[in-house]
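Chain by chain, the residues:
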Amino acid sequence: MLFTSVDDVSARLADAGYLASPAVATTVFLADRLGKPLLVEGPAGVGKTELAKAVAEVAGARLVRLQCYEGVDESRALYEWNHAKQLLRITAGRDETWDETRTDIFSEEFLLPRPLLTAIRGDDPKVLLIDETDKADIEIEGLLLEVLSDFQVTVPELGTITATSRPFVVLTSNASRELSEALRRRCLFLHIGFPEEELERRIVGLKVPGLDEALTESVVRVVGALREMDLRKAPSVAETVDWARTLLALGASTLDENVVRDSLGVILKHQDDVLKAAAKLDLGAV
Amino acid sequence: MNAAAPADGAADRLTGLVGALRSHGVRIGTGETVDAARAVAALGFADRDRLREGLAATLLHNPGQRRVFDPVFDVYFPRGVGGPDGGAPADREELRDRLTAALAANDQALLGQLAIEAVDGFGGYGGTAATDGWSSYQTLDRLRPQTLMVRVRDAVRAQGGAAGFTDRLLEDEVRRRIEVFRGQVATEARRRIAERRDRDEIARRAVAPTADRVDFLFAGRDRLAELRRAVQPLARKLATRLAARRRRARRGTIDLRRTLRGSLSTGGVPMRPVLRRRRPVRPELVLLCDVSGSVSGFSDFTMLLVQALRDEFSKVRVFAFVNRVDEVTGLIGPGAADPEGLSARIRAEAAITGWHGSSDYGVAFGEFAERYTGAVGSRTTVLVLGDARTNMSDPNLPAVRQLTRQARRFHWLNPEARSQWGTGDSAALAYAELVEMHECRNAQQLSALIGRLLPV
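Top to bottom, those sequences are chains X and Y. The letter at position 38 of the first sequence is residue 38 when you use the numbering used here, and the numbering goes up by one with no holes. The letter at position 92 of the second sequence is residue 92 when you use the numbering used here, and the numbering goes up by one with no holes.
Be aware that a few hints might be false.
[Claimed, not checked] No more than 27 Å apart at the CA atoms, straight line, and that leaves these computed lysine-lysine pairs for DSSO-like:
hint: 1; chain 1: Y; residue 1: Lys237; chain 2: X; residue 2: Lys269
hint: 2; chain 1: X; residue 1: Lys276; chain 2: X; residue 2: Lys135
hint: 3; chain 1: Y; residue 1: Lys237; chain 2: X; residue 2: Lys135
hint: 4; chain 1: X; residue 1: Lys269; chain 2: X; residue 2: Lys135
hint: 5; chain 1: X; residue 1: Lys53; chain 2: X; residue 2: Lys207
hint: 6; chain 1: X; residue 1: Lys53; chain 2: X; residue 2: Lys233
hint: 7; chain 1: X; residue 1: Lys280; chain 2: X; residue 2: Lys269
hint: 8; chain 1: Y; residue 1: Lys237; chain 2: X; residue 2: Lys207
hint: 9; chain 1: X; residue 1: Lys233; chain 2: X; residue 2: Lys207
hint: 10; chain 1: X; residue 1: Lys233; chain 2: X; residue 2: Lys276
hint: 11; chain 1: X; residue 1: Lys53; chain 2: X; residue 2: Lys85
hint: 12; chain 1: Y; residue 1: Lys315; chain 2: X; residue 2: Lys233
hint: 13; chain 1: X; residue 1: Lys135; chain 2: X; residue 2: Lys85
hint: 14; chain 1: X; residue 1: Lys233; chain 2: Y; residue 2: Lys237
hint: 15; chain 1: Y; residue 1: Lys237; chain 2: Y; residue 2: Lys315
[Unchecked claim] Chain X stretches covered by chain Y per the calculated footprint, using a threshold of three residues with CB under 8 Å from any CB of chain Y:
hint: 16; segment: 13 to 19
hint: 17; segment: 33 to 39
hint: 18; segment: 81 to 89
hint: 19; segment: 186 to 199
hint: 20; segment: 218 to 231
Bear in mind the hints are in silico, worked out from the structure with no lab data behind them. A quick note: this is a predicted structure, and the numbers were derived from the prediction, not measured. Glycine included, C-beta positions come from ideal geometry on N, C-alpha and C.
Could you build all of it, start to finish, from the sequences and the hints given here?
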């Protein structure tokens with residue numbers, strides 16, 4: 001058990017610089033208590049990966065990260081034999097019998113553990129982050145199912161390796177592909193959306209300490225209004241923070257039309273969106 | 001008793017909640033129910049919001065289900081029992097004043113409290129002592145929170161809360177707060193009704209289904225807007241699915257002749273199978289949409305979806321018709337897209353109606369076959385969107401037959417239930433003999449069909 005209560009989760013994550021909404025804190029607490037993996041979905045830039053890092057920090061655990069991409073396979077995710085080293089070993093020991101060599105080259109020394117195996121072996125606490133799970137092929141999900149339900153891995157030459165201490169597992173997804181129902185069933189589901197106004201103000205206050213309070217409030221309100229506008233890419237928390245930093249660097253003390261017009265490119269990434277937002281906010285021509 | 005099982009009655013509550021969610025199409029297994037019970041045991045009943053989040057985390061699997069979950073949760077785990085504590089029934093003006101103050105301060109807890117009082121004071125109908133029911137509609141009709149907009153705005157301004165640039169955002173923000181309050185009133189009314197009647201029935205009937213299961217033909221404006229917002233993510237999902245199909249399709253079958261010729265060097269043993277190479281062709285797509293009032297919601301959504309998928313095809317052409325055909329590809333293009341005004345724009349800028357305003361499939365097909373015959377070739381897949389209700393005129397089957405011969409594939413997506421086909425003025429069955437007609441009533445069916453039917 002990493003945490004004693006939901007309040008404990010919020011307080012300790014806040015110390016690590018992650019302000020958790022009630023939903024996030026509750027779900028992290030449950031994931032820890034029920035020992036289930038946590039599947040986090042949400043738009044880009046709301047702090048899905050940050051959550052895993054913050055949990056690792058407060059738990060004093062090692063963060064093991066598996067970054068998924070199209071074509072990631074077992075040898076990248078689980079383990080691999082170090083063939084080159086095995087060949088060297090065989091050439092070095094010329095006088096041995098085959099049986100001796102064979103038992104030796106399939107030992108720990110020649111095993112290259114990849115993230116999933118790393119997370120299962122050893123006694124120290126670990127946080128396993130499987131990032132952008134939706135980018136991986138469907139085949140890798142089958143592998144994840146096996147690892148995440150029993151926390152054990154079978155290496156034919158070595159036998160079955162079972163986790164002595166279960167890692168805290170976080171999977172993230174941008175929902176570019178529907179993950180399989182089987183994988184979803186094994187996980188607690190957490191959707192992190194855009195934060196409430198009050199929480200976002202606190203996040204900006206924490207990340208950009210120099211910005212004065214009134215300006216922070218205006219920034220958050222404008223971003224909130226932009227999110228309501230049905231844009232191609234709604235600004236995320238990361239963009240809010242970027243914008244706050246930009247305003248700080250520009251030395252703006254209040255928001256006015258000129259400042260917003262000039263810095264709109266920081267929060268909106270498509271020209272269509274910039275035009276639409278400018279029209280709705282009465283900024284005049286951009 | 002199971003160690004994880006919470007206090008008496010809670011298990012019944014939980015299974016009731018799960019049953020209600022299942023009846024709304026959320027798939028929940030027994031394992032998840034057990035997890036949910038363990039979550040309840042770990043969290044306790046002290047904090048209702050935590051309980052809500054905990055149950056959502058264990059029972060739900062995707063964000064769309066949250067819309068169903070929240071109202072159902074409110075019915076099974078209500079905030080309290082009965083009306084507000086003590087006090088005379090609220091006076092309308094006094095309640096409006098307090099509501100104005102709460103909206104100006106954006107105090108969620110206070111708004112929730114006011115919603116309870118409002119339903120208690122104005123929502124009851126039937127006899128006075130033993131009220132027969134509670135109505136959120138009646139509450140809102142008497143309270144009229146939407147008319148408070150100006151007062152709230154002035155109250156906020158008086159406090160100096162919104163000077164300078166952000167002042168222009170104020171009205172929209174106040175409107176959103178009022179929307180939230182209306183939602184709270186609806187929730188409260190449902191809770192009061194559920195106390196008097198069967199909880200399971202209320203949970204089943206009074207909670208709206210998820211947007212992708214709403215019939216296109218009966219979807220209201222806000223539901224259609226919600227669907228439009230879902231177009232981009234859905235298109236991305238379908239694009240990955242199409243790409244995967246395409247990857248599989250590229251691995252061709254074995255080319256026997258070349259395999260045997262290659263096997264000569266290995267003494268006739270075919271060591272290396274040679275696969276038939278496939279020429280990469282990006283298929284063309286022609287969309288033929290009925291945009292008359294009855295089916296325009298369906299056509300709009302499908303047009304937007306196909307347009308968002310345009311990178312997957314070498315060419316996408318979109319034609320709209322009511323009783324005349326016109327090309328509208330340019331109106332849907334990436335820059336021009338303002339999804340809300342789409343149907344209005346099509347109606348204003350394209351010549352789609354002739355002498356009268358009701359749809360006529362026969363004339364439209366005839367005109368299409370005549371004017372745009374070049375648009376349909378051997379690589380084209382044609383999708384027709386419409387309910388095939390021709391208002392009793394000639395369905396013009398020969399024109400359709402000609403088009404099916406020209407096109408590589410020809411599909412028809414019909415937003416009506418299959419049982420309705422051929423009833424009244426529907427010529428669906430006549431057309432269905434010539435072309436493959438698919439029932440496509442909601443976004444869920446549509447995405448399944450598009451993932452399956454679109455050429456790769």
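Here is what the structure says about each hint:
no. : hint                 : verdict
1   : Lys237/Y to Lys269/X : 21 Å, holds
2   : Lys276/X to Lys135/X : 31 Å, violated
3   : Lys237/Y to Lys135/X : 11 Å, holds
4   : Lys269/X to Lys135/X : 22 Å, holds
5   : Lys53/X to Lys207/X  : 16 Å, holds
6   : Lys53/X to Lys233/X  : 25 Å, holds
7   : Lys280/X to Lys269/X : 17 Å, holds
8   : Lys237/Y to Lys207/X : 34 Å, violated
9   : Lys233/X to Lys207/X : 23 Å, holds
10  : Lys233/X to Lys276/X : 12 Å, holds
11  : Lys53/X to Lys85/X   : 34 Å, violated
12  : Lys315/Y to Lys233/X : 26 Å, holds
13  : Lys135/X to Lys85/X  : 32 Å, violated
14  : Lys233/X to Lys237/Y : 16 Å, holds
15  : Lys237/Y to Lys315/Y : 20 Å, holds
16  : 13 to 19             : violated (count 0)
17  : 33 to 39             : holds (count 3)
18  : 81 to 89             : violated (count 0)
19  : 186 to 199           : holds (count 5)
20  : 218 to 231           : holds (count 7)
When the structure is compared with the earlier hints, violations turn up for hints 2, 8, 11, 13, 16 and 18 and for no others.
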